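Student: Numbering (the UniProt record's numbering), first residue to last: 1 to 193.
It is worth saying that the hints were derived from the structure and are not from the lab. Predicted model, so just to flag it, every value in this text is computed and none were measured. Where is the CB? At the ideal position from N, CA and C, for every residue including glycine. Hints should not be assumed to be uniformly reliable.
[Said to hold, decoys possible] What follows is a set of in silico ranges between Cβ atoms, one per label pair, in the way DEER data are often shown:
{"id": "1", "residue 1": "His-146", "residue 2": "Thr-25", "range": "51 to 59 angstroms"}
{"id": "2", "residue 1": "Arg-26", "residue 2": "Leu-141", "range": "49 to 57 angstroms"}
{"id": "3", "residue 1": "Val-170", "residue 2": "Arg-107", "range": "33 to 41 angstroms"}
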Amino acid sequence: METSINISNGKAPLSTSSKAVQQPTRGVKKGIAIGDFIIRLCAMAATMGAAITVGLADQSLPFFTQFLRFQARYKDIPSLVFFMVANAIVTGYLVLSLPFSVICIIRPLAAAPRLLLVIFDAAMAGLTIAAGSASASIIYLAHNGHPNTNWLPFCQQFGDFCQAVSGAVVGSLIAGTLLLFLLILSAFALKRS
1 METSINISNG KAPLSTSSKA VQQPTRGVKK GIAIGDFIIR LCAMAATMGA
51 AITVGLADQS LPFFTQFLRF QARYKDIPSL VFFMVANAIV TGYLVLSLPF
101 SVICIIRPLA AAPRLLLVIF DAAMAGLTIA AGSASASIIY LAHNGHPNTN
151 WLPFCQQFGD FCQAVSGAVV GSLIAGTLLL FLLILSAFAL KRS
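I would like the entire structure built from these sequences, with the hints used as guidance.
Tutor: Okay, here's the thing in structure tokens:
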């Protein structure tokens, strides 16, 4: 470690080599960037799984005859349509954000890509949590009904459909939590040391 004393202006500041100060910060930020990339992949898998599960959720039950059937599909419930579209949008965003995350790994001290990710991660976290919350309320009504308004529990007849959609909602809320964790990681990475 080198130290030098500057006495030209009458002051004696102590300075250290810039390499010794920069390296620990760079290493920590690179570790945060690698964690960001891994969490981003996990969130992408969760939102993709949620969108695909809801898109494929379909159940038919016979009613008196084989030709007359009751059918449960995500298209019949507007909040599930919003849920599927929102999770598909977030999945697309996460795929498009992977190159920026790689840039943050390669250049851990670059603030511009990290700031861009923070802004869009916040928007996508809000979208994911909003879609998951709206669908969770509908699924709660489907499981329990509402006796004051004479809404019967829907899931007693369409158990497979409700199982699939409930799992997708849990996956989406996990993805929203991961996106919030990404925001915390990015805040630490943007912090000046």
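Student: Does each hint fit the structure? Answer for all of them.
Tutor: So, going through the hints one by one against the coordinates:
1. His-146 to Thr-25: 51 to 59 angstroms: Given about 55 angstroms between the Cβ atoms, the range holds.
2. Arg-26 to Leu-141: 49 to 57 angstroms: 52 angstroms Cβ-Cβ, so the 49 to 57 angstroms window holds.
3. Val-170 to Arg-107: 33 to 41 angstroms: holds, 36 angstroms
In summary, this structure violates none of the numbered hints.
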